[in-house]
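**Q** As given, the protein sequences belong to chains A and B, one line each in that order. Each residue of the first sequence is one higher than the one before, starting from 2 at the first, in the working numbering. Each residue of the second sequence is one higher than the one before, starting from 5 at the first, in the working numbering.
Mixed in with the good hints, there may be bad ones.
Covered stretches of chain A (chain B as the covering partner; in silico rule of three or more C-beta atoms under 8 Å from a C-beta of chain B) [said to hold, decoys possible]:
1) 164–173
2) 194–200
Listed below are the simulated DSSO-like cross-link pairs for lysine-lysine, each with C-alpha atoms no more than 27 Å apart in a straight line [what the hints assert, rightly or not]:
3) B:Lys-38 to A:Lys-232
4) A:Lys-15 to A:Lys-53
5) B:Lys-58 to A:Lys-221
6) B:Lys-38 to B:Lys-75
7) B:Lys-58 to A:Lys-271
8) B:Lys-58 to A:Lys-145
Treat the hints as calculated values from the structure; they're not laboratory data. Glycine included, each C-beta is placed from N, C-alpha and C at the ideal position.
Residue-level listing of the chains:
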Amino acid sequence: MIEIKNAVMQFDEKNALDGVSITIPAGCAYGLLGSNGAGKSTLLRLLSGIYKPVSGEVLIDGNVVFDNAAMKERVFFINDETAQFNNMTLTDLKNYFKRFYGTFSEELWQKLYSTLNLPLKKRLSTFSKGMKRQAVVICGIACKTPYLFLDEAFDGLDPTMRIIVKQMLIDAMMDTGLTVIFSSHNLGEIDEFCDRVGLLHAGKVVFDRELDSVKGNVFKIQTAFDAPVTKESFAGIDVLHIENIGSITHLIVRGEREEVRAAVEKLSPKLYDEVPLSLEEIFIYEMEVLGYDSSKLG
Amino acid sequence: MLNIRFEGKSPIYEQLFRGISRLVSAGELSPNEKLPAVREVAKQFGINPNTVQKAYAQLEQAGLIYSIPAKGSYVSDRKETAAAVKEEALRNAEKSLREAFSAGVGFDEIVSLAEKIVGEERDGGTDD
Numbered sequence: 002m003i004e005i006k007n008a009v010m011q012f013d014e015k016n017a018l019d020g021v022s023i024t025i026p027a028g029c030a031y032g033l034l035g036s037n038g039a040g041k042s043t044l045l046r047l048l049s050g051i052y053k054p055v056s057g058e059v060l061i062d063g064n065v066v067f068d069n070a071a072m073k074e075r076v077f078f079i080n081d082e083t084a085q086f087n088n089m090t091l092t093d094l095k096n097y098f099k100r101f102y103g104t105f106s107e108e109l110w111q112k113l114y115s116t117l118n119l120p121l122k123k124r125l126s127t128f129s130k131g132m133k134r135q136a137v138v139i140c141g142i143a144c145k146t147p148y149l150f151l152d153e154a155f156d157g158l159d160p161t162m163r164i165i166v167k168q169m170l171i172d173a174m175m176d177t178g179l180t181v182i183f184s185s186h187n188l189g190e191i192d193e194f195c196d197r198v199g200l201l202h203a204g205k206v207v208f209d210r211e212l213d214s215v216k217g218n219v220f221k222i223q224t225a226f227d228a229p230v231t232k233e234s235f236a237g238i239d240v241l242h243i244e245n246i247g248s249i250t251h252l253i254v255r256g257e258r259e260e261v262r263a264a265v266e267k268l269s270p271k272l273y274d275e276v277p278l279s280l281e282e283i284f285i286y287e288m289e290v291l292g293y294d295s296s297k298l299g
Numbered sequence: 005m006l007n008i009r010f011e012g013k014s015p016i017y018e019q020l021f022r023g024i025s026r027l028v029s030a031g032e033l034s035p036n037e038k039l040p041a042v043r044e045v046a047k048q049f050g051i052n053p054n055t056v057q058k059a060y061a062q063l064e065q066a067g068l069i070y071s072i073p074a075k076g077s078y079v080s081d082r083k084e085t086a087a088a089v090k091e092e093a094l095r096n097a098e099k100s101l102r103e104a105f106s107a108g109v110g111f112d113e114i115v116s117l118a119e120k121i122v123g124e125e126r127d128g129g130t131d132d
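Generate the whole structure from the sequences, applying the supplied hints.
**A** Structure follows, in structure tokens:
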């Protein structure tokens, strides 16, 4: 389990993370969303023990990661930045990680390597961005750490490679109960693969929820009444947004589907049509409720 | 391989639940046929294995499938289950139809909607 408790991180006296608290259960696939500069990479670096928080706590399985060699062996961070490996060949890279991680599996590495088409003896500086990514990903999975963090994971990978990497992760999740965190700006990728999703904005957590509860619990409802209605007309349900266009009332509502329906039907609507929202639409409405201008999210 | 297409905005486990229900009631999955393992389904669609697990658990709760520990999940052979699913769907359709008629929707509009839906389902079924 990962516990981030009120973590603050500063660079040049500016808060990159401003009191972040997130708990991630073991075996979870967690999607970390946010625009550039939201604090995603900083958070992953804290979790990997690269930085020490200015205040607050970052715990994995109850232990501090920073300056803790035993804990660092339990996490693998696939960084956005791979320039430090440029002088190595793929074999060098494998041996480098093998020395560091006692749990490294040569057999698994060979199996993963055989699904790809990467040269063993060329320096990584000659690799494309996607090839470098693949090289680090297979090393990361072969290290068999219980925690794997991927920063902008699918960047530079073509669709076929994305599927292959996902399949590798699925095996690791089922075989060893891997906990994985992805950071991304790509909502679609997170939507398909993650259990939980967190949205960071300007160093703060805007959301941290189970994905199914986010998606299954916000609806757009088109309805019509004889008398005009306002947000207050709907007792007991959470109306995020209301708009009257002609005789039709558009509602964005959060709650259980049946409860929402029952509450609206109390007002004897002439029409009731429920439309699910995309994750993106949900985020925009929820951000509005929280007072964020979603147009600035990028 | 399951012949299901993911699209739209509802949760993935719900789409998987509905997709498998459809395959069962359409007879594409026969009684006592073994369903693909959770891992296989997750890999086929690139989705989270926990999500597949959740859909399977709900299908089992609904009586559409049963599982044998350490062997896997199978399609229920209870004909009444499929019949019950159809009956409930029909009840829901009746309710929606009554609402539509009372809101002034015409009979022809309903018929053309039904034709459109049937057409889409057919396309969805053959498309992979």
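**Q** Indicate, hint by hint, whether the structure satisfies it.
**A** Outcome of the hint check:
1. With a cut-off of 8 Å between beta carbons, the region 164–173 of chain A has 5 residues touching chain B; three or more are needed, and the interface restraint holds.
2. With a threshold of 8 Å between beta carbons, the proposed coverage of the region 194–200 of chain A by chain B holds, since 3 of its residues qualify and at least three are required.
3. The straight-line distance between the Cα atoms of B:Lys-38 and A:Lys-232 is roughly 49 Å, outside the 27 Å bound, and the hint therefore fails.
4. A threshold of 27 Å between alpha carbons decides the hint, and for A:Lys-15 with A:Lys-53 the separation of about 15 Å falls inside it, so the pair holds.
5. Of the supplied pair hints, the one linking B:Lys-58 and A:Lys-221 holds, its CA atoms being roughly 25 Å apart against a limit of 27 Å.
6. For the hint linking B:Lys-38 to B:Lys-75, the alpha-carbon distance of about 9 Å falls within 27 Å, and the restraint holds.
7. For the hint pairing B:Lys-58 with A:Lys-271, the CA-to-CA distance comes to about 36 Å; that exceeds 27 Å, so the pair is violated.
8. Restraint check for B:Lys-58 and A:Lys-145: the C-alpha separation of about 25 Å stays at or below 27 Å, so the hint holds.
In terms of the numbered hints stated before, the structure departs from hints 3 and 7, listed from lowest to highest.
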